[in-house]
Amino acid sequence: MTIKIEEISIDNNIVSVFWNNQNFVSLEFKLQPIVDPKNYKIHGYEVLSHLVNSSGERLNSEEFFEYINDEFIKKIFLCQIRFLNDNLSQFNLNISLNLPLSCLLDSSFVDEVIENTENPIIIEVTKIESIKEVNAAKRNIVKLKKQGHQFWLDDYHHDEKLKTSALQCIDWDAIKLDKSYLLYQDGLTMIGMLIPLLKFHSKKIIVEGVETSSQRVAFLHPEVFHQGYNYYYPLSLSETLDLLNFREIKETPRFETVLSA
1 MTIKIEEISI
11 DNNIVSVFWN
21 NQNFVSLEFK
31 LQPIVDPKNY
41 KIHGYEVLSH
51 LVNSSGERLN
61 SEEFFEYIND
71 EFIKKIFLCQ
81 IRFLNDNLSQ
91 FNLNISLNLP
101 LSCLLDSSFV
111 DEVIENTENP
121 IIIEVTKIES
131 IKEVNAAKRN
141 IVKLKKQGHQ
151 FWLDDYHHDE
161 KLKTSALQCI
171 DWDAIKLDKS
181 YLLYQDGLTM
191 IGMLIPLLKF
201 HSKKIIVEGV
211 ETSSQRVAFL
221 HPEVFHQGYN
231 YYYPLSLSET
241 LDLLNFREIK
251 ETPRFETVLS
261 A
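Residue numbering for the sequence shown follows my numbering, starting at 1 and increasing by one per position.
In short, the hints are calculated from the structure, not lab data. Worth double-checking, as some hints may not be accurate.
SDA-like cross-link-like pairs, simulated, lysine to any residue; straight-line CA separation at most 25 Å [what the hints assert, rightly or not]:
#1 161 / 146
#2 204 / 131
#3 127 / 79
#4 145 / 79
#5 203 / 238
#6 179 / 199
#7 199 / 157
#8 75 / 146
#9 41 / 75
#10 145 / 94
#11 127 / 197
#12 30 / 234
#13 30 / 116
#14 41 / 222
#15 203 / 44
#16 199 / 169
#17 179 / 63
#18 146 / 168
#19 204 / 238
#20 75 / 50
#21 132 / 230
#22 199 / 181
#23 143 / 185
#24 146 / 100
#25 75 / 60
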C-alpha cells in the first residue's frame, strides 16, 4: 500500500494528516518517561505518536509508519519539534524523537532541525538500511552533535547485524535495548550479558519494556535506565505538565535564606 500525503497541519498539539483524497488520521504526541530505577527519578522523555482515524479508532503507530516515506516522517519530526518548543522548552528536559537514519542524509532537513530547535534534542535512530548509509550520514550527525543534540541507537537487538555493525561507526550517547528481550525466559540473562559489552560503545544503556518489579530489580546498574509500564504509561501533554509542575514544587526548598551584605 502506498500512502500519498496531501496535507499536514498542527493545531492545539494535534497533527492532522490527509492522504489519498479520502483518508484522515490525527496524531497526538505523548511523552513516556525514562527512569533511573535506583531512585525512580525521571531522566528524560520519549515523544510517541498516538494515532486515531476519522472513525475514532486507535491505529497501530508502528504499522502506519511502515507505509510512510521519509518526506512525511521529516514533516512529522518538525511538527514534534514545534510541539516541544511551544509547550516544554522552559523545562530544559532530555527529550528524544524517533527518526530513521535515512532522513539524516538530507542536509537541508538537518539544517532545518538546527534552525528550529530551541533546546538540544535526542534523536533515536530507529532504522538503518546499510553501513553505506551510516557512513553517508556521519557528516550531518557530527553537525548536529556540535549543536548539542544527542544520538541514541533505538531498539538494539544482537540479531540485527546492521545495528550491531553501527555500534562501532557512530559515537552513540545511549543504546536502547529492544523490549523483545523481556518477552522470553532467558531475556534477563541475555540483557545481563549484553550490558557490559554495550558499555564499550556507550556509557548509557536504556532497557525498554520494563513492566514488572522483578524486571526492575534485575538491572540496577550505574547508568542503566528503564522505560516501561512499570513506571509510566505514555502521558498526554497535560499529564506531563502536571508531573513537571509537581516535581518543581516538591524539589523547591520550603524556606530560602536570603543573605544580604
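Going down the list of hints, with the structure as the test:
1. 161 / 146: The given pair, whose Cα atoms are some 28 Å apart, is violated under the 25 Å limit.
2. 204 / 131: Holds - the C-alpha atoms of residue 131 and residue 204 are around 23 Å apart, at most 25 Å.
3. 127 / 79: holds (20 Å)
4. 145 / 79: holds (21 Å)
5. 203 / 238: violated (33 Å)
6. 179 / 199: holds (18 Å)
7. 199 / 157: Within the cut-off at roughly 15 Å; holds.
8. 75 / 146: Given that 25 Å is the threshold and the Cα spacing comes to 23 Å, the pair holds.
9. 41 / 75: violated (32 Å)
10. 145 / 94: holds (14 Å)
11. 127 / 197: holds (21 Å)
12. 30 / 234: holds (6 Å)
13. 30 / 116: Between residue 30 and residue 116 the Cα gap is close to 20 Å, so the pair holds against 25 Å.
14. 41 / 222: Cα-Cα ~13 Å, so holds.
15. 203 / 44: At roughly 16 Å apart (the allowed maximum being 25 Å), residue 44 and residue 203 satisfy the hint.
16. 199 / 169: Holds. Residue 199 to residue 169 sits at ~15 Å (cutoff 25 Å).
17. 179 / 63: holds (17 Å)
18. 146 / 168: holds (19 Å)
19. 204 / 238: violated (29 Å)
20. 75 / 50: holds (16 Å)
21. 132 / 230: violated (38 Å)
22. 199 / 181: Cα-Cα ~18 Å, so holds.
23. 143 / 185: violated (42 Å)
24. 146 / 100: The given pair, whose Cα atoms are some 20 Å apart, holds under the 25 Å limit.
25. 75 / 60: holds (19 Å)
When each numbered hint is compared with the structure, violations occur for hints 1, 5, 9, 19, 21, 23.
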